[in-house]
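K.L.:
As given, the protein sequences belong to chains A and B, one line each in that order. Heads up, the first sequence is in my numbering, so the first residue is 12 and it goes up one at a time. Heads up, the second sequence is in my numbering, so the first residue is 12 and it goes up one at a time.
If you're looking for bench data, these hints aren't it; they were derived computationally from the structure. The reader is advised that the hints may include incorrect statements.
Remember, identical chains collapse to one label, so a pair may be satisfied in a single copy or spanning two.
To be verified - Pairs of lysine to any residue residues, derived as SDA-like cross-links and limited to a Cα-Cα distance of at most 25 Å, are as follows:
#1 K46 / A117
#2 K48 / Y64
#3 K48 / Y78
#4 K23 / I116
#5 K46 / W59
#6 K48 / R66
#7 K48 / W59
#8 K23 / N50
#9 K23 / L34
#10 K23 / V36
#11 K23 / G103
#12 K48 / V36
#13 K23 / S105
#14 K48 / S81
#15 K48 / R70
Here are the chains, one letter per residue:
2 protein chains.
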Amino acid sequence: MESRESWSGSEKQTARRAFDAALEVALARTMAEFKSKANAATLPADMWEVEDYLRERRREIDRTFDYRYSQLLFVFAQLIRAGYLDESMLAGLSQDKRDAIRRDIAFFESR
Amino acid sequence: MESRESWSGSEKQTARRAFDAALEVALARTMAEFKSKANAATLPADMWEVEDYLRERRREIDRTFDYRYSQLLFVFAQLIRAGYLDESMLAGLSQDKRDAIRRDIAFFESR
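Work the whole structure out from these sequences, hints included.
P.N.:
Structure representation (structure tokens):
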């Protein structure tokens with residue numbers, strides 16, 4: 012059983028897979044929203060609003076998807092909260108890592 | 012006959028009409044290009060490229076469309092060069108203003 016701080020090879024595989032899947036979801040949702048906004052745009056102001064939307068989404072995705080092992084449990088909690096990741100994808104992580112993620116989720120939810 | 016520096020009421024009307032028409036052309040072209048790029052986007056990189064495109068276009072339009080009488084002849088020359096404005100829309104300006112615009116256009120073309 013791995014601790015919170017050390018990551019076994021198979022945990023790293025689990026983490027990478029979950030991280031990549033969540034990123035794909037986040038990008039696909041952004042793409043769908045972007046296409047819908049672009050399609051509905053009729054005025055110049057709508058067009059600039061799409062620019063603002065994309066800039067914010069890009070910044071948020073860059074900020075959230077931080078693949079450092081020191082950050083990863085916190086990142087997974089955020090991704091689950093945001094609906095980008097299903098907790099079941101993290102079944103390959105040690106119990107104490109999953110507990111730490113749940114505590115982070117509970118912390119977000121309490122705010 | 013008005014000089015290059017002073018603008019009569021009717022010249023101001025001509026200038027405003029030409030400026031607004033050119034802005035409409037610039038925005039309509041940007042909108043068409045934006046819609047086409049958005050429509051063709053399939054990868055996240057395409058989406059971020061649309062963001063970059065919009066940011067550059069917004070910046071360029073903001074910079075180019077400068078309605079100060081001290082800048083306007085130079086601005087009109089740029090707009091004609093960019094294909095946003097037809098010189099015929101400036102027929103209501105004094106001869107020396109139109110000459111100054113032509114000299115600016117010639118200057119751009121010589122570069």
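K.L.:
Give a verdict on every hint.
P.N.:
Against the structure, the hints come out as follows:
Taking CA atoms no more than 25 Å apart as the test, K46 paired with A117 passes in neither setting, with 34 Å inside one copy and 42 Å between copies. For the homomeric pair K48 and Y64, the shortest alpha-carbon distances inside one copy (9 Å) and between copies (16 Å) are both at most 25 Å. Taking CA atoms no more than 25 Å apart as the test, K48 paired with Y78 passes in neither setting, with 30 Å inside one copy and 31 Å between copies. Taking the shortest Cα distances, K23 and I116 sit within 25 Å of each other inside one copy (21 Å), while across copies they are farther apart (62 Å).
Proximity of K46 to W59 under the C-alpha cut-off of 25 Å is found in both arrangements, the shortest distances being 14 Å within a copy and 12 Å between copies. Within a single copy, K48 and R66 get their C-alpha atoms as close as 14 Å, and across copies as close as 16 Å, so both meet the 25 Å cut-off. In this assembly of identical chains, K48 and W59 lie within 25 Å of each other by CA distance both inside one copy and across copies; the values are 11 Å within and 15 Å between. With identical chains, the CA atoms of K23 and N50 are never at most 25 Å apart, being 40 Å at best within one copy and 37 Å at best between copies.
Taking the shortest Cα distances, K23 and L34 sit within 25 Å of each other inside one copy (16 Å), while across copies they are farther apart (54 Å). In this assembly of identical chains, the alpha carbons of K23 and V36 lie at most 25 Å apart only when taken from the same copy (20 Å versus 54 Å across copies). Taking CA atoms no more than 25 Å apart as the test, K23 paired with G103 passes inside one copy only; the shortest distance there is 9 Å, against 72 Å between copies. Taking the shortest alpha-carbon separations for K48 and V36, both the intra-copy value of 18 Å and the inter-copy value of 22 Å come in at or below 25 Å.
For the identical chains of this complex, K23 and S105 are intra-copy neighbours only, at 11 Å inside a copy versus 74 Å across copies, given an alpha-carbon limit of 25 Å. Taking CA atoms no more than 25 Å apart as the test, K48 paired with S81 passes in neither setting, with 36 Å inside one copy and 39 Å between copies. With identical chains, the CA atoms of K48 and R70 are at most 25 Å apart both within one copy (18 Å) and between copies (21 Å).
In this structure, the earlier hints numbered 1, 3, 8 and 14 are contradicted, and the remaining ones agree with it.
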